[in-house]
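Colleague: The chain contents come next:
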Amino acid sequence: MSSGKQIISISDAPKDIVDVKKLSENISRNEQYQNNIGSALQELMSVSDILDSTIQKFTDIRNIALDATQTGNIGNLPVLATSIQVILQDIIKDANSDFNGKLLFSGTKTTLDSITPTPPQTNSSPFELIKDTPTATNPSGFIVVFKGNVKDIEIQKDSKSTEVINTKANEIFGTGGTSAMQNVIDLYNLLMYKSDGSKRTDKDLLNKEDLGKLDAYQKNITDNLQKMESANSINGSRINRLQAVTDQITSENIRLNEVKSKLEDTDVAQTAINLARENTALQYTLQVGSKLVQQSLFDFLR
Amino acid sequence: MSSFSSLEISKRALAAQRLGLDVTGNNIANVNTPNYSRRQVNFSETDPQLLNGKGFLGTGAIVDNLRSFREELFDREIRNNLSRQNGYSYDEKITNNLESILNEPSDAGLNEIVTKFFNSFHDLSNNPQNISLRNNVIEQAKTLVDRFHSTAQLLDDARSQILSDINQNVGKINSLLKDVADLNSKIASAKVVTDSDVQSFIDKREEKLEELAKVAGINVTKSDAGTVNVFINGINVVTNFVYSPLKTQTDINPATGESTIQLLNTDSNGNTLNYIRPTSGEIASQLKHYNVTLDDKDSSGNFSVYTKLNEFADAIVKKVNSLTTTGYGLDDTTPPGRNFFEPAVGNATAHTIEISASILNNPRNIPLSDAPNEPGNNVIALKIANLATDGTFIDNQTPSDFYSNFVGKVGSMGSEAINGSNATKTVGDQLSNQRESVIGVNLDEEAVNLIKYQKAFEASSRIVSTMNEILQTIVNLGK
Numbered sequence: 001m002s003s004g005k006q007i008i009s010i011s012d013a014p015k016d017i018v019d020v021k022k023l024s025e026n027i028s029r030n031e032q033y034q035n036n037i038g039s040a041l042q043e044l045m046s047v048s049d050i051l052d053s054t055i056q057k058f059t060d061i062r063n064i065a066l067d068a069t070q071t072g073n074i075g076n077l078p079v080l081a082t083s084i085q086v087i088l089q090d091i092i093k094d095a096n097s098d099f100n101g102k103l104l105f106s107g108t109k110t111t112l113d114s115i116t117p118t119p120p121q122t123n124s125s126p127f128e129l130i131k132d133t134p135t136a137t138n139p140s141g142f143i144v145v146f147k148g149n150v151k152d153i154e155i156q157k158d159s160k161s162t163e164v165i166n167t168k169a170n171e172i173f174g175t176g177g178t179s180a181m182q183n184v185i186d187l188y189n190l191l192m193y194k195s196d197g198s199k200r201t202d203k204d205l206l207n208k209e210d211l212g213k214l215d216a217y218q219k220n221i222t223d224n225l226q227k228m229e230s231a232n233s234i235n236g237s238r239i240n241r242l243q244a245v246t247d248q249i250t251s252e253n254i255r256l257n258e259v260k261s262k263l264e265d266t267d268v269a270q271t272a273i274n275l276a277r278e279n280t281a282l283q284y285t286l287q288v289g290s291k292l293v294q295q296s297l298f299d300f301l302r
Numbered sequence: 303m304s305s306f307s308s309l310e311i312s313k314r315a316l317a318a319q320r321l322g323l324d325v326t327g328n329n330i331a332n333v334n335t336p337n338y339s340r341r342q343v344n345f346s347e348t349d350p351q352l353l354n355g356k357g358f359l360g361t362g363a364i365v366d367n368l369r370s371f372r373e374e375l376f377d378r379e380i381r382n383n384l385s386r387q388n389g390y391s392y393d394e395k396i397t398n399n400l401e402s403i404l405n406e407p408s409d410a411g412l413n414e415i416v417t418k419f420f421n422s423f424h425d426l427s428n429n430p431q432n433i434s435l436r437n438n439v440i441e442q443a444k445t446l447v448d449r450f451h452s453t454a455q456l457l458d459d460a461r462s463q464i465l466s467d468i469n470q471n472v473g474k475i476n477s478l479l480k481d482v483a484d485l486n487s488k489i490a491s492a493k494v495v496t497d498s499d500v501q502s503f504i505d506k507r508e509e510k511l512e513e514l515a516k517v518a519g520i521n522v523t524k525s526d527a528g529t530v531n532v533f534i535n536g537i538n539v540v541t542n543f544v545y546s547p548l549k550t551q552t553d554i555n556p557a558t559g560e561s562t563i564q565l566l567n568t569d570s571n572g573n574t575l576n577y578i579r580p581t582s583g584e585i586a587s588q589l590k591h592y593n594v595t596l597d598d599k600d601s602s603g604n605f606s607v608y609t610k611l612n613e614f615a616d617a618i619v620k621k622v623n624s625l626t627t628t629g630y631g632l633d634d635t636t637p638p639g640r641n642f643f644e645p646a647v648g649n650a651t652a653h654t655i656e657i658s659a660s661i662l663n664n665p666r667n668i669p670l671s672d673a674p675n676e677p678g679n680n681v682i683a684l685k686i687a688n689l690a691t692d693g694t695f696i697d698n699q700t701p702s703d704f705y706s707n708f709v710g711k712v713g714s715m716g717s718e719a720i721n722g723s724n725a726t727k728t729v730g731d732q733l734s735n736q737r738e739s740v741i742g743v744n745l746d747e748e749a750v751n752l753i754k755y756q757k758a759f760e761a762s763s764r765i766v767s768t769m770n771e772i773l774q775t776i777v778n779l780g781k
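Quick mapping for you: the protein sequence lines, in order, are chains A and B. Just so we're aligned, residue 1 is where the first sequence starts under the working numbering, counting upward by one. Just so we're aligned, residue 303 is where the second sequence starts under the working numbering, counting upward by one.
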């Protein structure tokens, strides 16, 4: 009654103790899986926010590409190009995001320490926009380099299965983790430079060949957007799956705790009845015993 | 036949009834004396006298003998039961101690600590680059190692205590064997001396035999001279007036280093004679627990708590090391083959398990990645965390199942001891009651005897008084 437990000593019910221990271990393990999932969910939600932001930025770039074909913007192509460059820098900033110090899109290279820049790279961020030697096809010389890897990071979501929780660079930005950004650079080059490699002025309009390229770049960026939305959707599915597993584990733990309680906790009502019954028996025994002790022949020999 | 004959009859009657009163008084005085067997006065008629061919006339009564109600059947069964009961009681004491050492049942036992250790790898697998989580793994490992060490130390202490108990019991056995041999001598001597109270020596000897039976299961045989021979598992330790003292001997297995305590009897010069292996009694339980249950190197194949604990520690060391040696720490560029636990070579025990110094001093060195320079790589971390559910971890069981079954076995051992102790106590009470009803003093019966002998004494006195008056009358006839 006082302890609230019906198993005070392991000798009381060895078989039940084995079951209680196993149940406790299962409950504890499930709680650990819930912790794993809880931590992963926060990370996945952060990834979701960043992907939303990146998708919006790519949408903005695609809109700028559309704007470039509009009559009113014919003389503003370098300005539009500059806007694209700024947005690209923001995209790279998003791609270098971390969650509690853990880089989100660089595979298993999750810390800056693990990335060693090699010239012309200048920093340890996983994504970097660098200015390389200009070429005929890349008159700006801009290239985006990815210094991470595309390995999976898994967590244990229950005793039998794992879940990949990271979204890789190639899943968002295509081949090499930079293809989408390279498409943006192509667009930038088209709007900023003429086909001979010289900078475009506000009087240099897009020729027929340029318009054909613009059309192709728009299509590429649209394809990239679809890929990003797909990655975001996969990330959302992971969130849903993990939340479902959490609910399932919560239900399982409620059931396990009930079974455990039945095995080890006191049935207070039954124990109170037993206590009253045993107390009655004790009182009765004491009364009978006291009468037995009084009986002796010597008492009658006075 | 003269008037003096009647006086003679009365004198014998007075003496006989007075002895009856003495015996009854002695019975009443010993009503609460353990192992006292009540005495009964048996009267017999003295030889009659021939009355001038007219027949025989009785000459009164004398005390023929004092009967004792000692029953060997009960004594033997009670001794056997005492041996079993005390063996179970010691088993119960040891399992209670083990429960306390293992801190079970509780939510802070070794099992929970092992679970927390593996769970810390789960936490770390979410963020393998996180130094504070790496430190947490080391702290959990420290707790685990400390618990193994403290449990091993407590088991050592318990084993030492048993050794002390064994030595005390050997001393007690020797003292009791000597007492039994001495009492044999007194009984044999008393048998040939008239009026000696042999029965009180027999009662005392039985008391000693029962004390002896509590410590070691014995067999007792009786000789015609009233002496007893005592055997422990077939080895004769008391032969009439001579006893064979016991001593302990520590045997070391050179191959395994396993130390076992053996019990031997010796001759009068202290030379060892035979190994004695009591099958019941407190010392049998003590030898079992010292040589098996709490022996860290036990090779008997029976259930040893210490051996199982060592196996558990060894499995943790080997399984975790087998994974960490394939992994990379945060700063490793080449495979370091780093062990998490020591000793890396040979078998670890609950005493020797330690955290490797390279890991203890630098959490960055915990190998969690299966490739260099990948701080987010948690492949090894997950594998270590999943050892908690590895069905081949130890004896084809998960760590938790192994430990739960291990605790269950300790519980079964305790349960068996408690049940045995309760059962033998009940049987013991029944046997004692049955024996008491035969050999014990019944105050009602003694009260009746008291009245009977008192009245008989008064009546005999009355005869003397009457004869005195008759003789007075006869003497006065001549005046």
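It should be emphasised that the hints constitute simulated quantities derived from the structure, not laboratory data. Heads up, the beta-carbon is just placed ideally off N, CA and C, and yes, glycines get one too. Hints are not guaranteed to be accurate.
Stated by the list, open to error - Cross-link-like lysine to any residue pairs, in silico, SDA-like; alpha carbons within 25 Å at most:
hint, chain 1, residue 1, chain 2, residue 2
1, A, Lys131, A, Arg200
2, A, Lys93, A, Gly75
3, A, Lys15, B, Gln699
4, A, Lys291, B, Gln699
5, A, Lys151, B, Thr636
6, B, Lys444, A, Ser28
7, B, Lys524, B, Ser462
8, B, Lys418, A, Glu154
9, B, Lys549, B, Ser462
10, A, Lys291, B, Ile330
11, A, Lys168, A, Ile143
12, B, Lys488, B, Ser462
13, B, Lys395, A, Asp16
14, A, Lys93, A, Pro134
15, A, Lys5, B, Asn521
16, A, Lys262, B, Ser462
Said to hold, decoys possible - Footprint (simulated), chain A over chain B, 3 or more residues, beta carbon under 8 Å:
hint, stretch
17, 615-625
18, 671-682
19, 703-710
20, 713-727
Colleague: Run every hint past the structure and note whether it holds.
Modeller: Hint check results:
Restraint check for Lys131 of chain A and Arg200 of chain A: the C-alpha separation of about 19 Å stays at or below 25 Å, so the hint holds. Between Lys93 of chain A and Gly75 of chain A the alpha-carbon distance is near 30 Å, which puts this suggested pair outside the 25 Å criterion. Proximity of Lys15 of chain A to Gln699 of chain B is assessed by CA-CA distance (about 17 Å); at most 25 Å being required, the pair is judged to hold. Of the pairs offered as hints, the one joining Lys291 of chain A and Gln699 of chain B is violated, with about 60 Å between alpha carbons and a cut-off of 25 Å exceeded.
Pair hint Lys151 of chain A plus Thr636 of chain B holds up; C-alpha atoms about 19 Å apart against a cutoff of 25 Å. Simply put, Lys444 of chain B and Ser28 of chain A have alpha-carbon atoms about 20 Å apart, close enough for the 25 Å limit, and the pair holds. Distance hint between Lys524 of chain B and Ser462 of chain B is unfulfilled; the C-alpha atoms sit about 38 Å from each other, more than 25 Å. Under the criterion of a C-alpha separation no larger than 25 Å, the hint pairing Lys418 of chain B with Glu154 of chain A is consistent with the structure, at around 20 Å.
With a C-alpha separation of about 17 Å, the suggested pair Lys549 of chain B and Ser462 of chain B falls inside the 25 Å cut-off, and the hint holds. The straight-line distance between the Cα atoms of Lys291 of chain A and Ile330 of chain B is roughly 21 Å, inside the 25 Å bound, and the hint therefore holds. Restraint check for Lys168 of chain A and Ile143 of chain A: the C-alpha separation of about 19 Å stays at or below 25 Å, so the hint holds. For the hint pairing Lys488 of chain B with Ser462 of chain B, the CA-to-CA distance comes to about 39 Å; that exceeds 25 Å, so the pair is violated.
Annotation: proposed proximity of Lys395 of chain B to Asp16 of chain A holds, straight-line Cα distance about 21 Å (limit 25 Å). Of the supplied pair hints, the one linking Lys93 of chain A and Pro134 of chain A holds, its CA atoms being roughly 23 Å apart against a limit of 25 Å. At roughly 45 Å between alpha-carbon atoms, Lys5 of chain A and Asn521 of chain B are farther apart than 25 Å, so this suggested pair is violated. With a C-alpha separation of about 39 Å, the suggested pair Lys262 of chain A and Ser462 of chain B falls outside the 25 Å cut-off, and the hint is violated.
Chain A is given as covering the stretch 615-625 of chain B, and this is violated because 0 residues of the stretch bring a CB closer than 8 Å to a CB of that chain, at least three being needed. Using a Cβ-Cβ cut-off of 8 Å, 8 residues of the stretch 671-682 of chain B lie near chain A, which meets the minimum of three, so the contact claim holds. A stretch counts as covered by a chain when three or more of its residues have a beta carbon under 8 Å from one of that chain; for the stretch 703-710 of chain B and chain A the count is 6, and the coverage holds. As drawn, the stretch 713-727 of chain B meets chain A at 7 residues by the rule of a beta-carbon pair under 8 Å; at three or more, the given contact holds.
Consistency note: the structure conflicts with the earlier hints numbered 2, 4, 7, 12, 15, 16, 17.
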